[in-house]
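Undergrad: Going left to right, the sequence shown walks through residues 32 to 455 as our numbering numbers them.
No lab work stands behind these hints: they were computed from the structure.
Zero decoy hints are in this set.
Cβ pair distances, simulated, as ranges:
(1) LEU425 with ARG61: 22 to 30 Å
(2) THR147 with VAL75: 27 to 35 Å
(3) PRO442 with VAL75: 49 to 57 Å
Being a predicted model, the structure only gives us computed values, none of them experimental.
Backbone N, C-alpha and C define an ideal beta-carbon position, used for all residues, glycine too.
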Amino acid sequence: MHQAIASPGYGCDGQDTLKTLIGIDEALSRIAAHAKPVGGTEAVSLGQAVGRILADPVRSRSMAPPFDNAAMDGYAVVTSALMGNGPWVLPVVARVPAGEGTTKRLFGASAARIFTGAPIPEGADAVLMQEDVTRDGDVIQLHRRPAPGLNIRRAGSDMAAGAIVLNRGGRLGPREIAACAAAGAGIVRVRRRLRVALLVTGDEIREAGGSRAAAQIWDVNTPMLTAALSGACLDLVATAHGADNRSGLARQLDDLATRADLVITTGGISVGEEDHVKPVLAGLGGEIVFGGVAIKPGKPVSFGRIGSAFWLGLPGNPLAALVTWQVFGPALIRGLTGEAGSGPARRLVVTSAAIRRKPGRCELRPATLAGFDVHGRDVITFETATHSGRVGRLPQADGLMFLPSEAEYLPAQALVEFQPFCQT
Numbered sequence: 032m033h034q035a036i037a038s039p040g041y042g043c044d045g046q047d048t049l050k051t052l053i054g055i056d057e058a059l060s061r062i063a064a065h066a067k068p069v070g071g072t073e074a075v076s077l078g079q080a081v082g083r084i085l086a087d088p089v090r091s092r093s094m095a096p097p098f099d100n101a102a103m104d105g106y107a108v109v110t111s112a113l114m115g116n117g118p119w120v121l122p123v124v125a126r127v128p129a130g131e132g133t134t135k136r137l138f139g140a141s142a143a144r145i146f147t148g149a150p151i152p153e154g155a156d157a158v159l160m161q162e163d164v165t166r167d168g169d170v171i172q173l174h175r176r177p178a179p180g181l182n183i184r185r186a187g188s189d190m191a192a193g194a195i196v197l198n199r200g201g202r203l204g205p206r207e208i209a210a211c212a213a214a215g216a217g218i219v220r221v222r223r224r225l226r227v228a229l230l231v232t233g234d235e236i237r238e239a240g241g242s243r244a245a246a247q248i249w250d251v252n253t254p255m256l257t258a259a260l261s262g263a264c265l266d267l268v269a270t271a272h273g274a275d276n277r278s279g280l281a282r283q284l285d286d287l288a289t290r291a292d293l294v295i296t297t298g299g300i301s302v303g304e305e306d307h308v309k310p311v312l313a314g315l316g317g318e319i320v321f322g323g324v325a326i327k328p329g330k331p332v333s334f335g336r337i338g339s340a341f342w343l344g345l346p347g348n349p350l351a352a353l354v355t356w357q358v359f360g361p362a363l364i365r366g367l368t369g370e371a372g373s374g375p376a377r378r379l380v381v382t383s384a385a386i387r388r389k390p391g392r393c394e395l396r397p398a399t400l401a402g403f404d405v406h407g408r409d410v411i412t413f414e415t416a417t418h419s420g421r422v423g424r425l426p427q428a429d430g431l432m433f434l435p436s437e438a439e440y441l442p443a444q445a446l447v448e449f450q451p452f453c454q455t
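Work out the full structure: start from the sequences and follow the hints.
TA: Below, the structure is given as structure tokens:
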């Protein structure tokens, strides 16, 4: 087995290379420290709850199952009445379908025809699978003695009455909704949707597919991030194209900050003459929690507040915007919605080829899972370099590999961290 390349922050926080930048883990730590759940909850039916975040725990309203019932179609019997070594011939004295109660009590050597989910007749303590008996008219014959409890689902074996089935902060998917339904929780209390506004800067961008001049490009960030912000716990209240002057941009940001819990911008956060977002933010009395991370691509990524809203500033280049969103966006959403857990976990994978790169920043490069090596570890393939403006091969990528900041050369079959792409 190869040794994983490891250092503090997995190579992403080496202070000798960061200078004024902070590392990925420090940035995530600052987001976690500042991003607390927004107020407001609502009660919704299970049919409307998919993707929402629980505001209160869910408790079982009764035992599940609420009564002893048959785990399969067959015959209920009293095992203590089976004398000798068999075979045994038993009269069928009752029929118990699912959904109907029975007052019939089994006595001695007799059987009841029973169906999956039906209540177990009083006195019976086992259910014989119908394939294990021979029926002739109103009698059955069995050759093997069943064990007490065979094929019986006991009352409360899944959930006890009043038991906590789901904790506060859980995201409701199909599995969680199944548990809620089994607990009798047809209505659940969830966090209100997080109000998000998106502002994309850049004089050169035009709507995808529309007309454009020689020096213009189609807008990738707006549809890309709109898709990323389509989660059920989010409400995208506004999308806007940033004004090309500071006064206009100030009016837009000020307006969006009053309408949203989170304002996301792309572009305009570097140090060039045309990068207006941070100066405008400062002019509006905003706070910058961090302004730049030792990451490639996406170094200018920033986080702070503007008025009562949080602000996440993503780079303008599409791949850099997507990478930084994948790393920091879901963490911020989890904090603001009160979602429990840490999101997609990074794991170690094996590189399919050697890598030569410029050290200094932790590089996050799109990678594709391409099978397993002889040790059963995931193997990834990837491009030979990272280009912050290229997105053409993103559909083939499964996630991001993390290349340590100090690593100039990694041999083939090196172990590196990998984080799968996630949806909010």
